[in-house]
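What follows is the residue order along each chain.
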Amino acid sequence: MKKTGIFVAAIALLALAFVFGVQLYRSEQAQQASQTTMQNRDALVRFHSPSMGNASAPVHIVEFLDPACEGCRAFYPFVKKLMADNPENIRLTVRYAPFHKGADDIVRALEASRKQGKYWQALEAMFASQPEWAPDHTAHLDLAWPHLQRVGLDMERLKEDMKSPDITKIIQQDMEDVKALKVSKTPEFFVNGKPLPSFGPEQLQKMVRDELASAQARK
Amino acid sequence: MRQAFQPSTSQPSSASHDSIWALVFGAWLVATISTLGALFLGEVMGYTPCVLCWYQRIFMFPLVFVLAAGLFPLDPRVVRYSLPLAIGGLGTAVFHFAMTKGYISESISPCTQGVPCSQVQVEWLGFITIPLLSVLAFAVITALLIATYFKAPK
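Residue numbers (our numbering), protein chains in the order written: chain Y, 1 to 219; chain D, 1 to 154.
Accuracy of the hints is not assured; some may be wrong.
[Unchecked claim] Straight-line distance between alpha carbons at most 30 Å, and here's what the computed DSS-like set of lysine-lysine pairs gives:
| no. | chain 1 | residue 1 | chain 2 | residue 2 |
| --- | --- | --- | --- | --- |
| 1 | Y | Lys182 | D | Lys101 |
| 2 | Y | Lys3 | Y | Lys115 |
| 3 | Y | Lys179 | D | Lys151 |
| 4 | Y | Lys101 | D | Lys101 |
| 5 | Y | Lys185 | Y | Lys169 |
| 6 | D | Lys151 | Y | Lys3 |
Bear in mind the hints are in silico, worked out from the structure with no lab data behind them. Being a predicted model, the structure only gives us computed values, none of them experimental.
Turn these sequences into a full structure, and let the hints steer you where they fit.
In structure tokens:
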């Protein structure tokens, strides 16, 4: 029947146009993202940022995160495992993109805990207890307090340190870099200065694997 | 009464059958393009739909299936089931469009969280916004369905 033919052809054409549009858009986005990153290389890593792992590791992951972001919480164990699977080969640097309301207070607490040498413990505790202190997509420092206490921090000192203007500067600088690098979602990962082509744990794993392989080849 | 004035064609029923089919098919095409467009904006380009956008999606997405079902075999009564969706969508789209233009103030908008509906996220060529496209799509679908209604044999 002729009409069935028209109908099927229309569906095929529209589906094709959609898929083609998605491909075109994605590749353009990826190109733009890597260009933005290239132009703003200085904005990617700052001396003030907390880092973990071998300083001369061949693979350097920069993660922009928000302690109140559910996706960052879900992603964290994966990053940890990736680092555990490749000891000495991955360095992780944390940058802040506190997009959630009140999240900058949590960042202040994290930075203050860094002065007591308990940064990573505090970060893990914050992620673990996130549903309790950010129940409505808004971070509540008062609800996070008991969870920070459990890490074994000197809470009086923490409160004092949180007022530090240095921390304010760190957050300001990170937010400026967020804008320069066009980070709009968290977590956002950069592996050796390159943004992920698309979001997902597999993509991060693949990029790390590729970077490790090319580092091996250079040896 | 006025039958005597109508020109007699060899196959009048088949010709009107074809034109009715074309009208419903046209409405289906607009609904399908709009649906794919909405999915592209939301899922691929990552724009968050505001509350009013969701209501328009709720009116638009079923049209793709309802109208397709009315095409094979052609059933002009598909208007009965699709026109309410089209008119509901048109109303919501006009409301939304008026809000982005500032004719309706944001304070009486039903948006309380997420993306405010009055915020214009996309503007092509300086005047084409998503609510405008939505108004146009629903208007075209409504017009085609009304034309189908009047063309269909009673």
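Comparing the hints with the structure gives:
no., hint, verdict
1, Y:Lys182 / D:Lys101, "holds (29 Å)"
2, Y:Lys3 / Y:Lys115, "violated (73 Å)"
3, Y:Lys179 / D:Lys151, "violated (57 Å)"
4, Y:Lys101 / D:Lys101, "holds (29 Å)"
5, Y:Lys185 / Y:Lys169, "holds (22 Å)"
6, D:Lys151 / Y:Lys3, "holds (19 Å)"
Hints 2 and 3 from the list above are not met by this structure, while the remaining hints are.
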